[in-house]
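J.: Here is how the chains run, residue by residue.
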Amino acid sequence: MDIERLSQLSRVKINAEERRKFTKDLAEILDYIGALKKAPVENLAPLSHAADLENAWREDKAEGKRDTELLIPAAPRREKGYIKVKPIFPII
Amino acid sequence: MPSDLNKLSIKELSERLRGKDFSAVELTDYFLARVRAQDGEINAFLSVTEELARRQAEEADKRIAREAENVSLLCGIPFGIKDNILVEGEIATGGSKILENYRASFDAEAVGKLKKAGAIIIGKTNMDEFAMGSSTENSAFGPTKNPLDLERVPGGSSGGSAAAVAAGMCPAALGSDTGGSVRQPAAFCGLVGLKPTYGAVSRSGLMAMSSSLDQIGVFTRSVSDAALIFEAISGGDEKDATSKKNYFFKFGDIEKTDLKKLKIGVLEEFFGSGLNEEVGKKTREGIDALAVLGAEIKEVSLPSAEWALSAYYIIMPAEVSTNLSRYDGIRYGRFEEARDITDSYFETRRNFLGAETKRRIILGTYVLSVGYYDAYYLRAQKARRMIADDFNKIFKEVDVIITPTTPTPAFKIGEKTDNPLEMYRSDIYTVPVNLAGLPAVSVPCGTVDGLPVGMQIIGPRFRDDLVLGVGRRYEEARNF
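In the order they appear, the protein sequences are chains S and H.
Position 7 of the first sequence, counting from 1, maps to -9 under the numbering used here, and the rest follow consecutively.
Position 463 of the second sequence, counting from 1, maps to 474 under the numbering used here, and the rest follow consecutively.
Among the hints, a few may not be true.
As the list claims (entries may be wrong) - Listed next, the in silico DSSO-like pairs over lysine-lysine satisfying Cα-Cα at most 27 Å (straight line):
{"id": "1", "chain 1": "H", "residue 1": "127", "chain 2": "H", "residue 2": "261"}
{"id": "2", "chain 1": "H", "residue 1": "261", "chain 2": "H", "residue 2": "407"}
{"id": "3", "chain 1": "S", "residue 1": "8", "chain 2": "H", "residue 2": "427"}
{"id": "4", "chain 1": "H", "residue 1": "407", "chain 2": "S", "residue 2": "8"}
{"id": "5", "chain 1": "S", "residue 1": "70", "chain 2": "S", "residue 2": "-3"}
{"id": "6", "chain 1": "H", "residue 1": "108", "chain 2": "S", "residue 2": "70"}
{"id": "7", "chain 1": "S", "residue 1": "5", "chain 2": "H", "residue 2": "423"}
{"id": "8", "chain 1": "H", "residue 1": "261", "chain 2": "S", "residue 2": "8"}
{"id": "9", "chain 1": "H", "residue 1": "427", "chain 2": "S", "residue 2": "-3"}
{"id": "10", "chain 1": "H", "residue 1": "108", "chain 2": "S", "residue 2": "5"}
{"id": "11", "chain 1": "S", "residue 1": "45", "chain 2": "H", "residue 2": "127"}
{"id": "12", "chain 1": "H", "residue 1": "256", "chain 2": "S", "residue 2": "45"}
{"id": "13", "chain 1": "S", "residue 1": "5", "chain 2": "H", "residue 2": "427"}
No wet-lab data here; the hints were simulated from the structure.
Start from the sequences, fold in the hints, and give me the full structure.
T.: Spelled out as structure tokens, the structure:
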């Protein structure tokens, strides 16, 4: 398991100590869940959900008129009623 | 004001509220005083919503004065709410630093329903970060202690809710159960813990951890109290497409349960190695008591149980890794400055997410990544099918299944923190239920060395009435 690459993919930075600890923990966990390779599941269809899902259509209408008033102030960075983010293109 | 109100059931409290023995304001003050007196030590609450509680209590008193006969039994009853369930206007951290300053902009559907019934919210309870843990030690705000033995964990992830009810700081609390997070702490704290059928309670306003497994549940001191609350919060909801349309649980249905007409399955695999002998003995005594009451007892087998924990620790982290991508510091919560947006994601998540959360995000990313998806995630989903099918087969032979809720009683604080796999094993009997979306309740069935033991009653989908009914018959016989 390439922890460094997974950390990049998942946007989770880990420090040296966490890297050491996770490498050990995840090896043990993978060893445990790897037992599943022996499970006789070949002819089964995957089950992603226990709910007996039906179509759940609903009218596409707006509710709760104060949405922006409530939601924008929750953003850590904002300007003139907009959410502000750091530059999207990497600074080289 | 009587001094032992913390021991009364919701029904008793409600009768006395209506009988004007005390007001909802007085009752709320009584429980708030108990929180102040005890919670410094126990740490069950992350925030106490005193202002909201007083406002609601005054309103409840008015409603009781106006229409005592028509109000819900929950009117005027104080509740604790797990901190991953939103209460409008109140801080909701989900046990994480990343949401330390986040204030909910709406009520979770279950909370809205409680409020409508007149229930009072006295605070938000401690939990493992985003519900990831089995001991509440993964909370960013310090562990909760088990009120029955302060050196031990209350269980998790809804440990704060369990401890709050066990210490008599509120008569009831909501929690959430993804792999046992209501039933296991209920067992560790000597309470009733209900995990309803997946789809019976709306997940709207519950912070998503593993969306195909998460379900809001209830902590109480009796089965009938749990059923009362479940009646209030159950039901389909447009805002949760996985909730069951037109489903409503009726409290009266549990009274229809007749043990003399019931077959109870004893899941032999769950009484094998790994189970504390005394816990096994207590559970068997519970089953014997039901047999004396007339139930037919039958051994049943769930061969696929062997794969359940492995499948769970693939499916759950996979869903965690995608669900938790929303915590990026952009729209809400904590944010860490960096030179560009990608670095700010990295820095924000590095600084404000805890170790177990990071571990599960990384594990989930791994099992979903190219080259490993088929070997892990797809296989786990197939195993999930096998487990659900096996349960269905068992329910052709018996009406409910009984198992121990946990392999051991509450363990010591710090005992398993260095060994995640050991911690994961404490959910071995509860996890299969979530994979199959079934209802289950943990009811207290005695103690081992002074520590409570729980017995798990599992039923077919949407037969929450049966698991509660059997639990109710059991507690009547045991005089709880």
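J.: Taking only the CA atoms, is the gap from residue 427 of chain H to residue -3 of chain S under or equal to 27 Å?
T.: With Cα atoms ~25 Å apart, residue 427 of chain H and residue -3 of chain S stay inside 27 Å; holds.
J.: Could you grab the alpha-carbon distance between residue 261 of chain H and residue 407 of chain H and see if it respects the 27 Å cut-off?
T.: Since the Cα atoms of residue 261 of chain H and residue 407 of chain H sit roughly 24 Å apart, the hinted pair holds (cutoff 27 Å).
J.: Does the structure keep residue 8 of chain S and residue 427 of chain H at a Cα separation of 27 Å or less?
T.: Given that 27 Å is the threshold and the Cα spacing comes to 15 Å, the pair holds.
J.: Hey, residue 108 of chain H versus residue 5 of chain S, does the alpha-carbon distance stay inside 27 Å?
T.: 21 Å, holds
J.: Tell me if the straight-line CA distance from residue 45 of chain S to residue 127 of chain H falls inside 27 Å.
T.: Given pair residue 45 of chain S, residue 127 of chain H holds - Cα atoms ~24 Å apart, limit 27 Å.
J.: Hinted pair, alpha-carbon criterion (27 Å max): residue 5 of chain S, residue 427 of chain H. Please report holds or violated.
T.: Holds - the C-alpha atoms of residue 427 of chain H and residue 5 of chain S are around 15 Å apart, at most 27 Å.
J.: Checking one constraint from the list: CA of residue 70 of chain S to CA of residue -3 of chain S, max 27 Å. Satisfied?
T.: 18 Å, holds
J.: Run the distance test for residue 5 of chain S versus residue 423 of chain H: straight-line Cα separation, threshold 27 Å.
T.: Holds, at roughly 22 Å.
J.: Under the criterion that the straight-line Cα-Cα distance not exceed 27 Å, is the pair residue 108 of chain H, residue 70 of chain S satisfied?
T.: Judged against 27 Å, a Cα distance of about 21 Å means the pair holds.
J.: Is the straight-line distance between the alpha-carbon of residue 127 of chain H and that of residue 261 of chain H 27 Å or less?
T.: OK: residue 127 of chain H and residue 261 of chain H at ~17 Å, within 27 Å.
J.: Tell me if the straight-line CA distance from residue 256 of chain H to residue 45 of chain S falls inside 27 Å.
T.: 20 Å, holds
J.: With the threshold set at 27 Å, check whether the alpha-carbon distance from residue 261 of chain H to residue 8 of chain S stays at or below it.
T.: 49 Å, violated
Hint check: violations occur at hints 4, 8; the rest are consistent with the structure.
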